[in-house]
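Going down the list, the protein sequences come from chains A and B.
Heads up: the first sequence at position 111 corresponds to 111 in the working numbering, and the numbers run straight through without jumps.
Heads up: the second sequence at position 17 corresponds to 17 in the working numbering, and the numbers run straight through without jumps.
Treat the hints as calculated values from the structure; they're not laboratory data.
One or more of the hints may lead you astray.
[Said to hold, decoys possible] Some, not all, of what chain B presents toward chain A, calculated at C-beta under 7 Å:
1. Y32
2. L34
3. F65
Just so it is clear, CB atoms sit at the ideal spot from N, CA and C, and this is done for glycine as well.
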Amino acid sequence: DTAVSQTPKYLVTQMGNDKSIKCEQNLGHDTMYWYKQDSKKFLKIMFSYNNKELIINETVPNRFSPKSPDKAHLNLHINSLELGDSAVYFCASSQDYTGTEAFFGQGTRLTVV
Amino acid sequence: DQQVKQNSPSLSVQEGRISILNCDYTNSMFDYFLWYKKYPAEGPTFLISISSIKDKNEDGRFTVFLNKSAKHLSLHIVPSQPGDSAVYFCAASSGGTNAGKSTFGDGTTLTVKP
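Whenever a hint applies, use it, and build me the whole structure from the sequences.
Structure representation (C-alpha cells):
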C-alpha cells in the first residue's frame with residue numbers, strides 16, 4: 001500500500017506545453033509538499049500546504065501552480081513549460097507542518113524538449 | 001546561498017566497518033535536523049533525526065551526532081552493510097513560520113563494498 005503516490009513517474013513534453021503532476025497520500029497527514037531536485041541533485045522545497053492551505057511558497061515562477069482539493073491530495077500544474085523545468089519533482093507529506101520527517105513519493109522525472 | 005552542505009560527494013567503506021557521513025550548516029536558526037536515504041528511482045526515506053536540544057540520537061545501527069557550536073552533524077552507520085549503499089541527504093529546519101521548510105544538502109553517495 002503506497003503511502004505517497006505521484007503520477008506520472010515519467011513525463012516527456014515539448015516546450016510551451018501545460019502539464020500536471022498528481023500526488024496523493026493515504027497516511028492521514030495534514031501537510032503536503034512539492035520539492036524539486038535539479039541536475040545538481042539539490043532538493044529544494046517549492047510549496048507546502050497544511051490542511052489545504054498554502055503555508056510555504058518559495059520563489060517559484062508563477063507558471064507553477066499547486067492545487068490541494070483536499071488534504072490528501074496536492075497536485076502541481078505547470079504552464080508554458082521551459083527547458084529549465086526539466087528535473088525530478090517529489091511530492092511529500094508529513095504529519096504536521098512543524099518540520100518533522102516527511103514521507104516522499106517516488107518522484108516524477110520531467111523532461112522538457 | 002547553500003545553508004546545508006555535505007562536502008563529501010561520495011564515500012566508500014568496507015562491509016562491517018563504520019560509515020561516517022558529515023554535514024555542515026550555516027543558519028543558526030536551524031533547530032531540527034534529519035537524515036534521509038535515497039535509492040535510485042525512489043524518493044528519499046527518512047532515517048533518523050535530532051533536535052537541537054540533544055547532541056546524540058541513536059536508532060539501531062544509526063547514530064546522529066550534533067555539534068551546535070561547530071554547526072556540524074554527522075551520521076554514523078555501524079556496522080555498514082551493502083544494503084546501506086545509497087545517497088544520504090541531511091536536512092535542517094527551523095521553527096516558527098519556517099517550520100516544515102526543510103533545507104537539504106546535496107547528498108553523499110555511500111558505497112558499502114562486500
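To see whether the hints hold, each was checked on the structure:
1. Y32: Hint on Y32(B): holds, closest Cβ of chain A at ~5 Å, below 7 Å.
2. L34: holds (6 Å)
3. F65: Violated, about 18 Å.
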